[in-house]
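Enquirer: Sequence:
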Amino acid sequence: MSKANDLRQKDVAGLEAEVKSLQKAHFGLRMQKATQQLNNTATLRSTRRDIARAKTILAQKRAESAKAKE
Numbered sequence: 001m002s003k004a005n006d007l008r009q010k011d012v013a014g015l016e017a018e019v020k021s022l023q024k025a026h027f028g029l030r031m032q033k034a035t036q037q038l039n040n041t042a043t044l045r046s047t048r049r050d051i052a053r054a055k056t057i058l059a060q061k062r063a064e065s066a067k068a069k070e
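Numbering-wise, the sequence shown is residues 1 to 70 according to my numbering.
Hints listed in this document are in silico derivations from the structure and should not be mistaken for laboratory results. Careful: at least some of the hints might be erroneous.
[What the hints assert, rightly or not] With a straight-line cut-off of 27 Å between C-alpha atoms, the simulated DSSO-like cross-links for lysine-lysine are:
{"no.": "1", "residue 1": "69", "residue 2": "10"}
{"no.": "2", "residue 1": "67", "residue 2": "10"}
{"no.": "3", "residue 1": "33", "residue 2": "20"}
{"no.": "4", "residue 1": "67", "residue 2": "3"}
{"no.": "5", "residue 1": "55", "residue 2": "10"}
{"no.": "6", "residue 1": "24", "residue 2": "55"}
{"no.": "7", "residue 1": "10", "residue 2": "20"}
[As the list claims (entries may be wrong)] Label-pair restraints from in silico Cβ distances:
{"no.": "8", "residue 1": "60", "residue 2": "36", "range": "37 to 43 Å"}
{"no.": "9", "residue 1": "40", "residue 2": "67", "range": "38 to 44 Å"}
{"no.": "10", "residue 1": "49", "residue 2": "9", "range": "15 to 21 Å"}
{"no.": "11", "residue 1": "6", "residue 2": "44", "range": "19 to 25 Å"}
{"no.": "12", "residue 1": "11", "residue 2": "39", "range": "33 to 39 Å"}
These numbers were taken from a predicted model, which means no experiment stands behind them. We put the beta carbon where it would ideally sit given N, CA and C, even for glycine.
Assemble the whole structure, with the sequences as input and the hints as a guide.
Expert: Here it is as structure tokens:
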């Protein structure tokens, strides 16, 4: 699980890469669930929430940079 403080230390490009890797991992988990190979279904929920956490911090950083440009 990625903590919010760890994510806040990353730059925008790092956060975008993190979101992409989390989405890829979530897709893999969904495929495992579909083929009934997934043992711990709670990982789907935690991965989905990690994606949301990373996207939220990414949006905050983008808003800060847009505000700084004004």
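Enquirer: Can you give the numbers of the hints that this structure goes against, from lowest to highest?
Expert: none
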